[in-house]
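A.B. asks: What follows is the residue order along each chain.
2 protein chains.
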Amino acid sequence: MSEPLLSELKSELLAISDLNSAAMVLEWDQSTYMPAAGADARGRQIALLGELAHARRTSPRMAELLRGLSSVADRDDLDGALVRRAHKQWERATCVPASLVSEIKSHSARSYVAWTKAKPSGDFAAVRPYLEKTVELSRRYADCFAGVDHVLDPLIDANDPGMTTATIRALFDSLRAQLVPIVQAIAERPAPDRDFLERAYPEAAQLAFGAEVARELGYDFERGRQDLTVHPFMIRFASDDIRITTRVDPNDLSDALFGTIHEAGHAMYEQGIARELEGTPLGEGVSAGVHESQSRLWENLVGRSRAFWARFLPIAKERFPEQLGDVDLDTFYRGINRVERSLVRTEADEVTYNLHVMLRFDLEAQLLEGTLKVADLPEAWDARMASDLGVRPPSPTQGCMQDVHWYCTTIGGTFQGYALGNVIAAQVFEAAREAMPDLDARLEKGDFGSLRGWLTENLYQHGARWEPGELVERATGKPIAIDAFVRHLHGKYGALYGISF
Amino acid sequence: MSEPLLSELKSELLAISDLNSAAMVLEWDQSTYMPAAGADARGRQIALLGELAHARRTSPRMAELLRGLSSVADRDDLDGALVRRAHKQWERATCVPASLVSEIKSHSARSYVAWTKAKPSGDFAAVRPYLEKTVELSRRYADCFAGVDHVLDPLIDANDPGMTTATIRALFDSLRAQLVPIVQAIAERPAPDRDFLERAYPEAAQLAFGAEVARELGYDFERGRQDLTVHPFMIRFASDDIRITTRVDPNDLSDALFGTIHEAGHAMYEQGIARELEGTPLGEGVSAGVHESQSRLWENLVGRSRAFWARFLPIAKERFPEQLGDVDLDTFYRGINRVERSLVRTEADEVTYNLHVMLRFDLEAQLLEGTLKVADLPEAWDARMASDLGVRPPSPTQGCMQDVHWYCTTIGGTFQGYALGNVIAAQVFEAAREAMPDLDARLEKGDFGSLRGWLTENLYQHGARWEPGELVERATGKPIAIDAFVRHLHGKYGALYGISF
Numbered sequence: 001m002s003e004p005l006l007s008e009l010k011s012e013l014l015a016i017s018d019l020n021s022a023a024m025v026l027e028w029d030q031s032t033y034m035p036a037a038g039a040d041a042r043g044r045q046i047a048l049l050g051e052l053a054h055a056r057r058t059s060p061r062m063a064e065l066l067r068g069l070s071s072v073a074d075r076d077d078l079d080g081a082l083v084r085r086a087h088k089q090w091e092r093a094t095c096v097p098a099s100l101v102s103e104i105k106s107h108s109a110r111s112y113v114a115w116t117k118a119k120p121s122g123d124f125a126a127v128r129p130y131l132e133k134t135v136e137l138s139r140r141y142a143d144c145f146a147g148v149d150h151v152l153d154p155l156i157d158a159n160d161p162g163m164t165t166a167t168i169r170a171l172f173d174s175l176r177a178q179l180v181p182i183v184q185a186i187a188e189r190p191a192p193d194r195d196f197l198e199r200a201y202p203e204a205a206q207l208a209f210g211a212e213v214a215r216e217l218g219y220d221f222e223r224g225r226q227d228l229t230v231h232p233f234m235i236r237f238a239s240d241d242i243r244i245t246t247r248v249d250p251n252d253l254s255d256a257l258f259g260t261i262h263e264a265g266h267a268m269y270e271q272g273i274a275r276e277l278e279g280t281p282l283g284e285g286v287s288a289g290v291h292e293s294q295s296r297l298w299e300n301l302v303g304r305s306r307a308f309w310a311r312f313l314p315i316a317k318e319r320f321p322e323q324l325g326d327v328d329l330d331t332f333y334r335g336i337n338r339v340e341r342s343l344v345r346t347e348a349d350e351v352t353y354n355l356h357v358m359l360r361f362d363l364e365a366q367l368l369e370g371t372l373k374v375a376d377l378p379e380a381w382d383a384r385m386a387s388d389l390g391v392r393p394p395s396p397t398q399g400c401m402q403d404v405h406w407y408c409t410t411i412g413g414t415f416q417g418y419a420l421g422n423v424i425a426a427q428v429f430e431a432a433r434e435a436m437p438d439l440d441a442r443l444e445k446g447d448f449g450s451l452r453g454w455l456t457e458n459l460y461q462h463g464a465r466w467e468p469g470e471l472v473e474r475a476t477g478k479p480i481a482i483d484a485f486v487r488h489l490h491g492k493y494g495a496l497y498g499i500s501f
Numbered sequence: 001m002s003e004p005l006l007s008e009l010k011s012e013l014l015a016i017s018d019l020n021s022a023a024m025v026l027e028w029d030q031s032t033y034m035p036a037a038g039a040d041a042r043g044r045q046i047a048l049l050g051e052l053a054h055a056r057r058t059s060p061r062m063a064e065l066l067r068g069l070s071s072v073a074d075r076d077d078l079d080g081a082l083v084r085r086a087h088k089q090w091e092r093a094t095c096v097p098a099s100l101v102s103e104i105k106s107h108s109a110r111s112y113v114a115w116t117k118a119k120p121s122g123d124f125a126a127v128r129p130y131l132e133k134t135v136e137l138s139r140r141y142a143d144c145f146a147g148v149d150h151v152l153d154p155l156i157d158a159n160d161p162g163m164t165t166a167t168i169r170a171l172f173d174s175l176r177a178q179l180v181p182i183v184q185a186i187a188e189r190p191a192p193d194r195d196f197l198e199r200a201y202p203e204a205a206q207l208a209f210g211a212e213v214a215r216e217l218g219y220d221f222e223r224g225r226q227d228l229t230v231h232p233f234m235i236r237f238a239s240d241d242i243r244i245t246t247r248v249d250p251n252d253l254s255d256a257l258f259g260t261i262h263e264a265g266h267a268m269y270e271q272g273i274a275r276e277l278e279g280t281p282l283g284e285g286v287s288a289g290v291h292e293s294q295s296r297l298w299e300n301l302v303g304r305s306r307a308f309w310a311r312f313l314p315i316a317k318e319r320f321p322e323q324l325g326d327v328d329l330d331t332f333y334r335g336i337n338r339v340e341r342s343l344v345r346t347e348a349d350e351v352t353y354n355l356h357v358m359l360r361f362d363l364e365a366q367l368l369e370g371t372l373k374v375a376d377l378p379e380a381w382d383a384r385m386a387s388d389l390g391v392r393p394p395s396p397t398q399g400c401m402q403d404v405h406w407y408c409t410t411i412g413g414t415f416q417g418y419a420l421g422n423v424i425a426a427q428v429f430e431a432a433r434e435a436m437p438d439l440d441a442r443l444e445k446g447d448f449g450s451l452r453g454w455l456t457e458n459l460y461q462h463g464a465r466w467e468p469g470e471l472v473e474r475a476t477g478k479p480i481a482i483d484a485f486v487r488h489l490h491g492k493y494g495a496l497y498g499i500s501f
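One line per chain: the protein sequences are L and Z, in this order. Position 101, counted from 1, in the first sequence is what the working numbering calls 101; the numbers after and before it change by one each time, with no gaps. Position 420, counted from 1, in the second sequence is what the working numbering calls 420; the numbers after and before it change by one each time, with no gaps.
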């Protein structure tokens, strides 16, 4: 009875997915190869594809289809999940008035320009009025969604469905209580050497080595490729065309290498999604947090492990004999895991990273609540840095103006995913190790397929079938919690720094 | 009064142009960087964009707008030309039933597969039934257009507006009468050496040299770029993003070099179109013939001239000292202009090339008329090769199966542009030389801007404002004719081969 409607819905959703994929090809080209002069026309073309996708998503027929399929939405099968996710996307697309969307868009463009100009000198006064307006627009945007407990909730829900300000706060507060003493204890220990990472590493050799590592881990280059961009990213055009990009610092081996593993992690997640979900709302990573969990799992839990480098350091030494000839496994392992109380999130290590993220989450929640004024943001930021990390930014350039996020669109809902990712990664990795007690030995032998197979079986293939909370609980047997992550840090960094936590 | 309609029409045409440009970005990526596995989804995405553009072009509102603007179409200004061309495109898009379009599409896909399989062994029997069906579909396609004298006319009109079978036949018959004796006379003379072109030329150095030449000629890399593909092409995404592609034969300097100049010629034409025409039906090259005239003008009339190599041979010798150290200007100039009675169009020289093209034009006209049966095509082809060029293909692989054109879509309407291009190129170049009697001296000094400026002023900037016949007459003072081309061949090849024509 509902079959014709369902098949019409799927075909309409496929068209929307194809329009979005087409726009992404245009964006990929813009970031990789497009001559800069092409930007105006390209922006217009991308905007047109976005409008066409939006028009189809919010069409009267789409509303009819979803109404007609409301009984399917209650089903526990794939089609039920598909209709539910399509309905949610429809709701999000229809509940914000077009006038507000366009007001946000034009304000954001101005705000971004102001930020790029003011950031180098740390001139917060210059961006303040823009950020004040952004906070106001973000509140109005959030107000379009009915029945929420906290202004931040609908913004979080857009990227991490099923999560709320309350659940994330609870998670983050307990995590912070654990992290601050770990960082303090490590800060009192001597810092390991990492100078060998900062020798001259030719760009082409770095790219080739990164690709070699990504291939061995299981990123399928037959269904993807790697290009250079200013900011690395993963992008999906189709099941069989999922690309990564990399940036290379000729004087730091770790930037391109761990960046490549990170993006390959995102890509292996997408490459592992069941083919039957292609072109449906279920055929994509389910949330920012789960996506980041897979980039971080491969980057940190695999890529910064001793087992991994037991295998790869000899290969790295062959590729870079002059730069790494004098470095042994122990030195290398310590160097790539050095913990630092640094100012900049994107350069932070595995231990301090979440503190940077949680600071942002808390401050944006306060800005949106109105309990923190934009004018007071720099001081609130610096005070929190001092209390959590023991360092104070000398200027907003390295403080509350360092990230583009608050200056290029609405604020709220994006940062939590970075920290959730680390937490989920550890929980998933622990579950994988329980299933394969000899996991380290397998990694050391270069058997990455076992781990990838387990992840595909338990996480990747399901795409967006279940909300993140349910997906992680099905995969690990437990609700999302910080325990595994804290255990991981205590174990790894206790051993590395000779501290008993 | 018509202003609101006109502005609505322009905005609708801009959207259609943007959809087509988006599809072209997807096609470019498919030819350059896409992993092969991405082809299925990519095909679907490109088809969707094509359908959306077609739907907008044939929408009821488009018909209303064009009806409402019929008085503007009579105007002699830019808007008049714009409405006329939009109307013509609308007519072409609406007069062919969708069912026929889709029948042609699916037949063509099957035919193409059959051709790729049968070509290597020259198995004409295997492609014959496909070609017979193609001829039938091409006739039915042509029959959709009302009021034409010859079945080929609407097919020609699609690519070379204003031209007909009759006018092209008249032009080609007289040209053939001139060419056959030139080729015969040259065949009796000793063939110059070109072995030095077939030495080992490293790929990267060839690409760099080609780009250097293209840049000096005036192809603007700030508004374009060059990539590698199997078949070279030029592609336009916007006024400020017009790209070329190149293929490199590591054992033949001329393939990439003249291929690059050829595509750069196409691209300089597009880059020279007035910016105000961007996104309108006038903002593109006006016809296949005029487009090809500019690729051939730069490739042959400039790129194979003695003046050009007086400047570039010393540079080429610096880039390729081992390969070209022993080659003097005279030898080089003779080598790149060697005339050969060869079997394959794409490898043909400036003199014989048109004979290859005109043969195809005549045979496809006969196939469509029904005066030639598909079964008799191989013999008709071979006989004509023997009479025009004095050589007979040993197999259809080098005969009537050599080009993809007849096996991948409807037949008719594409080949004439290649020969028209050579004819128009010579006429335009002669006019430029009349305007600048010291043109050769300027080219020899590396002043290509004078020529490019004259071409931009007289041809490029006008885009598709006038039909090709009018455009060429405005630029050169004369209707399109073969005289200048014949004079060029007599002069150049008479001197090269010591023949007085």
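None of these hints come from the bench; they were simulated from the model. Predicted model only: the values in this text are computed from it and were never measured. Quick reminder that beta carbons are idealized off the backbone N, C-alpha and C, glycines included. Don't take each hint at face value.
To be verified - In silico negatives: residues of chain L with every beta carbon more than 12 Å from chain Z:
id	residue
1	Ser21
2	Leu26
3	Pro35
4	Ala36
5	Arg44
6	Asp240
7	Ser305
8	Gln323
Said to hold, decoys possible - Residues from chain L that keep clear of chain Z, each with C-beta distances beyond 12 Å, as calculated:
id	residue
9	Ala23
10	Glu103
11	Arg199
12	Arg223
13	Glu473
As the list claims (entries may be wrong) - Cross-link-like lysine-lysine pairs, in silico, DSS-like; alpha carbons within 27 Å at most:
id	chain 1	residue 1	chain 2	residue 2
14	L	Lys105	Z	Lys117
15	Z	Lys445	Z	Lys492
16	Z	Lys105	L	Lys10
17	L	Lys478	L	Lys317
18	Z	Lys117	Z	Lys105
19	Z	Lys119	Z	Lys105
A.B. asks: Taking the hints in turn, state whether each one holds.
C.D. replies: Status of each hint after checking the structure:
Remark: the non-interface label on Ser21/L conflicts with the geometry, its nearest Cβ contact in chain Z lying 6 Å away (cut-off 12 Å). The Cβ of Leu26/L sits about 5 Å from the closest Cβ of chain Z, inside the 12 Å cut-off, so the non-interface label is violated. Against chain Z, the non-interface label of Pro35/L is violated: not every CB pair exceeds 12 Å, the least being about 6 Å. For Ala36/L, the condition that its CB be more than 12 Å from all CB atoms of chain Z is violated, with the nearest at approximately 8 Å.
The claim that Arg44/L lies off the interface is violated: its Cβ sits roughly 6 Å from the closest Cβ of chain Z, which falls inside the 12 Å cut-off. Its beta-carbon lying about 4 Å from the closest one in chain Z, Asp240/L breaks the requirement of being farther than 12 Å from that chain. At the 12 Å boundary, the C-beta of Ser305/L stays outside the reach of chain Z, the nearest C-beta of that chain being 30 Å off. Annotated as non-interface, Gln323/L keeps its C-beta farther than 12 Å from every C-beta of chain Z; the closest such distance is 25 Å.
The beta carbon of Ala23/L is not kept farther than 12 Å from every beta carbon of chain Z, the shortest such distance being approximately 8 Å. Taking the minimum C-beta to C-beta distance to chain Z, about 22 Å, the non-interface status of Glu103/L holds against the 12 Å cut. For Arg199/L, the shortest C-beta to C-beta distance to chain Z comes to about 27 Å, beyond the 12 Å cut-off, and the non-interface label holds. At roughly 5 Å from the closest C-beta of chain Z, the C-beta of Arg223/L falls inside 12 Å, breaking its exclusion from the interface.
The non-interface label for Glu473/L is consistent with chain Z: the shortest C-beta to C-beta separation is roughly 32 Å, beyond 12 Å. For the given pair, Lys105/L sits about 52 Å from Lys117/Z by alpha-carbon distance, which is inconsistent with the 27 Å threshold. A C-alpha spacing of about 20 Å is found between Lys445/Z and Lys492/Z, which places the hinted pair at or below 27 Å, so the restraint holds. Taken as a hint, the Lys105/Z and Lys10/L pair is honoured in the structure, with Cα atoms around 24 Å apart against an allowance of 27 Å.
Restraint check: the Cα-Cα separation between Lys478/L and Lys317/L comes to about 41 Å, which exceeds 27 Å; the hinted pair is violated. Restraint check for Lys117/Z and Lys105/Z: satisfied, since their Cα atoms lie roughly 19 Å apart, inside the 27 Å limit. Among the hinted pairs, Lys119/Z with Lys105/Z is consistent with the structure: their alpha-carbon atoms are about 21 Å apart, no more than 27 Å.
Violation of the numbered hints given earlier is confined to hints 1, 2, 3, 4, 5, 6, 9, 12, 14, 17; the remaining hints are satisfied by the structure.
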